[in-house]
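One-letter residues, chain by chain:
Protein chains: 2
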Amino acid sequence: MNTSALAYLENHMEQTLAELKELLAIPSISTETSAKADIQRAAVWLQEKLSRMGARDVRELDSSGNPVIFAELGEPGFSPTVLVYGHYDVQPPDPLEAWSSDPFVPVERGGQLYARGAADMKGQLMAVLAAASAVFQSGIPIHVKFLLEGEEEIGSGSLPEILRVYQDLLTADYALNPDAGMVRADLPTITYALRGAALFKLRITGPKHDVHSGLFGGAIPNPAHVLCEVLGRLHQPDGKVSLEGFYSRVKELDEEERAQLTRLPRDDGFYLEQTGSSMLWGEPGYTALERTTARPTLEINSLSAGFAGEGFKAVVPAEASATISARLVPDQDPEEVHSMLRVFLQETVPAGVNWDLAYMVGVRPSQTDLSSPGVRVMAEALQKVWGVEPVYQRVGGGIPVVSYLQEIMGMESILTGFCLPGDNLHGPDEKLDLDIWHKGIQALAGFFILLGSSKKEEDA
Amino acid sequence: MNTSALAYLENHMEQTLAELKELLAIPSISTETSAKADIQRAAVWLQEKLSRMGARDVRELDSSGNPVIFAELGEPGFSPTVLVYGHYDVQPPDPLEAWSSDPFVPVERGGQLYARGAADMKGQLMAVLAAASAVFQSGIPIHVKFLLEGEEEIGSGSLPEILRVYQDLLTADYALNPDAGMVRADLPTITYALRGAALFKLRITGPKHDVHSGLFGGAIPNPAHVLCEVLGRLHQPDGKVSLEGFYSRVKELDEEERAQLTRLPRDDGFYLEQTGSSMLWGEPGYTALERTTARPTLEINSLSAGFAGEGFKAVVPAEASATISARLVPDQDPEEVHSMLRVFLQETVPAGVNWDLAYMVGVRPSQTDLSSPGVRVMAEALQKVWGVEPVYQRVGGGIPVVSYLQEIMGMESILTGFCLPGDNLHGPDEKLDLDIWHKGIQALAGFFILLGSSKKEEDA
Chain E
1 MNTSALAYLE NHMEQTLAEL KELLAIPSIS TETSAKADIQ RAAVWLQEKL SRMGARDVRE
61 LDSSGNPVIF AELGEPGFSP TVLVYGHYDV QPPDPLEAWS SDPFVPVERG GQLYARGAAD
121 MKGQLMAVLA AASAVFQSGI PIHVKFLLEG EEEIGSGSLP EILRVYQDLL TADYALNPDA
181 GMVRADLPTI TYALRGAALF KLRITGPKHD VHSGLFGGAI PNPAHVLCEV LGRLHQPDGK
241 VSLEGFYSRV KELDEEERAQ LTRLPRDDGF YLEQTGSSML WGEPGYTALE RTTARPTLEI
301 NSLSAGFAGE GFKAVVPAEA SATISARLVP DQDPEEVHSM LRVFLQETVP AGVNWDLAYM
361 VGVRPSQTDL SSPGVRVMAE ALQKVWGVEP VYQRVGGGIP VVSYLQEIMG MESILTGFCL
421 PGDNLHGPDE KLDLDIWHKG IQALAGFFIL LGSSKKEEDA
Chain D
1 MNTSALAYLE NHMEQTLAEL KELLAIPSIS TETSAKADIQ RAAVWLQEKL SRMGARDVRE
61 LDSSGNPVIF AELGEPGFSP TVLVYGHYDV QPPDPLEAWS SDPFVPVERG GQLYARGAAD
121 MKGQLMAVLA AASAVFQSGI PIHVKFLLEG EEEIGSGSLP EILRVYQDLL TADYALNPDA
181 GMVRADLPTI TYALRGAALF KLRITGPKHD VHSGLFGGAI PNPAHVLCEV LGRLHQPDGK
241 VSLEGFYSRV KELDEEERAQ LTRLPRDDGF YLEQTGSSML WGEPGYTALE RTTARPTLEI
301 NSLSAGFAGE GFKAVVPAEA SATISARLVP DQDPEEVHSM LRVFLQETVP AGVNWDLAYM
361 VGVRPSQTDL SSPGVRVMAE ALQKVWGVEP VYQRVGGGIP VVSYLQEIMG MESILTGFCL
421 PGDNLHGPDE KLDLDIWHKG IQALAGFFIL LGSSKKEEDA
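Here the protein sequences come in this chain order: E and D.
In this text, residue positions in the first sequence follow our numbering: the first is 1, and each later residue adds one.
In this text, residue positions in the second sequence follow our numbering: the first is 1, and each later residue adds one.
Keep in mind that a hint or two might mislead.
Think about it this way: if two alpha-carbon atoms lie no more than 25 Å apart in a straight line, the pair counts; the simulated SDA-like pairs of lysine to any residue are [to be verified]:
| id | chain 1 | residue 1 | chain 2 | residue 2 |
| --- | --- | --- | --- | --- |
| 1 | E | K313 | D | W99 |
| 2 | D | K208 | E | G276 |
| 3 | E | K208 | E | E97 |
| 4 | D | K208 | E | E97 |
| 5 | E | K240 | D | G352 |
The set of hints was computed from the structure by calculation and includes no laboratory data.
Please build the complete structure, drawing on both the sequences and the hints.
In structure tokens form, the structure reads like this:
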């Protein structure tokens with residue numbers, strides 16, 4: 001690896017860590033509207049940081065939501081161009097009493113940096129800024145655009161509009177998203193597939209208001225009974241989803257990919273341990289890892305009917321409702337799944353009650369081509385630092401921005417990251433392993449350096 | 001009817017109404033612990049009233065709950081003795097803004113008296129006090145004991161202990177409970193059967209905490225799925241309850257009683273109108289009235305799992321729960337139904353989750369012999385005032401005190417009352433129809449007078 005860039009990195013590590021602590025001290029909590037001033041402070045801080053790095057055109061893009069920051073670093077004519085994605089907003093720290101120290105006063109203990117956002121993702125964001133800055137300051141050719149948002153923890157709602165309006169400005173060969181984490185400290189990780197999702201709210205309504213179950217129960221349809229009867233048929237006894245056509249567009253895993261997935265430290269025991277469940281369950285013929293990443297699933301997320309507080313209200317509830325989520329894999333389409341659920345309800349909800357299905361969110365599944373030069377360069381950069389070939393993982397959840405970039409701009413994301421399964425993202429005592437973070441910065445710098453060389457090789 | 005007692009009644013009607021208004025002005029809300037002082041005030045007010053009537057041994061019985069008042073009126077040697085039951089507590093008035101006037105400032109409008117408790121049951125309680133007082137003051141032989149409690153709206157929790165401790169003091173030939181209402185203003189009503197109840201809370205538990213449905217959904221059993229699958233089988237497709245043995249002890253209605261029930265203004269249209277349901281449903285072969293009063297039923301009263309607030313939490317919930325109530329008819333036993341539900345769960349809950357069933361309340365069904373002299377006298381007294389034979393109804397709900405009196409003391413209750421279906425019990429603008437109330441007082445006085453004569457006839 002280029003020694004001048006590495007030297008620059010090491011010379012600036014102390015400053016990079018100090019700057020990370022500054023950013024972590026800003027409680028930029030996007031879920032709380034009262035934190036708007038802190039969101040603003042974090043956005044301003046990042047623009048100043050980008051300017052100090054030598055970036056051009058540092059500014060906020062037009063948006064009605066939290067500031068979306070754009071900046072450009074390096075030579076416009078240079079290719080490939082990388083669009084670095086990051087978010088500066090964090091989850092709320094509640095419950096505060098579960099923290100060992102103030103979540104917004106970053107503290108180092110035993111090589112770990114504790115603070116809300118240390119892992120998700122201010123630490124990752126500072127890593128990519130430090131890496132790009134070192135490469136740029138060392139005079140190595142590079143062309144990076146930055147797209148930093150403040151609404152990731154609340155669904156990235158402003159991004160689709162931003163991507164449509166600023167499509168030309170943001171265009172790049174790859175998106176680099178360091179928010180995807182690694183599976184174990186000794187296994188650098190590239191995430192290449194995210195499941196899509198379709199979220200629904202189902203309401204079954206019956207009597208005009210809750211009625212006394214002693215006086216009317218057993219004489220009229222009870223929405224809670226109907227909800228149970230209908231949702232009790234969402235799955236077949238063997239664990240398969242019952243919706244007609246649910247699996248018809250699903251791309252089957254090939255044997256090569258199944259073999260590759262076994263390299264991940266994600267055996268059945270992992271799923272039992274992480275959840276505390278006493279056994280596994282699900283679509284037959286697949287491992288738990290496959291079920292949760294490469295196969296589609298359908299879950300009831302909540303149920304609600306009648307009075308669920310202390311005590312007992314003996315009523316036939318006027319309404320029973322559920323939230324339901326489907327997780328989707330290529331080439332499933334959330335709109336199509338919405339139609340399938342609607343057909344299922346038309347066929348299963350009995351007469352005497354009304355039903356209403358709200359389609360709340362639909363996100364397409366996304367997948368990155370593992371053979372693309374960008375992914376190959378990232379793999380090489382990670383291998384150089386860790387000394388082992390990275391593992392490739394599919395992730396069961398979704399990252400909206402990855403789907404939006406693919407859908408709206410046709411741009412694939414290179415997904416990696418340097419937070420660990422035990423770093424308590426969204427939980428108390430969130431932390432960042434500083435040794436892993438240091439390696440991550442080196443690997444990201446390597447990525448930027450190698451990307452230029454790879455291009456030259458291709459040109460040659 | 002004895003004219004001196006009637007004259008006494010009429011001469012004191014203005015005073016009786018004024019006293020009712022005094023009692024209604026005390027917000028003796030038993031569901032609110034902050035209303036303890038008002039509960040106390042209402043109890044003191046009643047003791048003073050009983051003393052003014054000429055009652056002896058007026059006192060509070062030993063209880064850790066709200067005051068339970070005892071008093072005795074008339075000749076101890078006289079039989080039959082009647083135990084008058086009443087409660088002086090009321091439901092909270094919320095939502096206050098739905099009332100046309102202050103719920104604790106009684107107001108007359110168009111022959112109706114509006115106030116919380118006017119119908120349930122301070123009005124009924126004052127009616128029976130006025131009737132007994134008039135009969136006693138007119139020198140007609142009578143022996144009445146009073147048992148007035150302040151916890152009816154919260155389940156009469158102190159009564160079983162009171163009945164056990166004070167069994168000898170409270171012994172009587174009949175209990176008279178004027179808290180059962182009438183089915184229509186022109187149809188005086190005797191209630192002769194109340195269903196029992198068994199209330200349960202079922203919890204299904206799975207993962208140790210809510211887990212991300214994108215990361216773990218579809219790989220482990222989901223308690224919300226299991227709850228739906230299990231409760232979806234509580235009823236057979238035709239509407240019968242699925243629990244093995246549920247109907248085995250049920251006394252079938254005979255044709256005579258079925259014919260008698262058709263006199264009640266409770267056709268299918270009544271159930272549709274009262275509930276706003278678009279159709280009826282339930283055990284085949286029975287009318288809605290029969291299903292809700294003479295047949296046992298099983299209802300899901302509430303469902304709860306995951307996050308049911310605004311927004312969407314995509315989790316596999318750690319727990320899913322339901323409250324379930326069975327309504328029971330003679331000779332069903334709540335303990336037996338508890339066992340049946342337990343067997344059902346043992347057979348239907350799949351492996352991989354845990355379940356826990358809490359048996360919260362069990363109340364036996366109760367029934368009063370329609371051919372007993374007490375009931376016959378009440379029927380005669382009602383008929384004399386209204387000019388029509390009373391209707392006899394079964395009620396789908398339960399009144400705990402009626403069950404307790406039957407179970408603990410072997411005492412049958414004569415159940416009647418003078419509130420109407422439109423009197424908004426427990427709702428805003430609760431009211432009492434003063435004309436009906438006046439007739440009710442006359443009928444109750446007639447009951448006390450006739451009871452003595454009936455005894456003499458029997459003795460002769």
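Hints breached by this structure: Going through the list in order, the structure violates hint 3 alone and respects the others.
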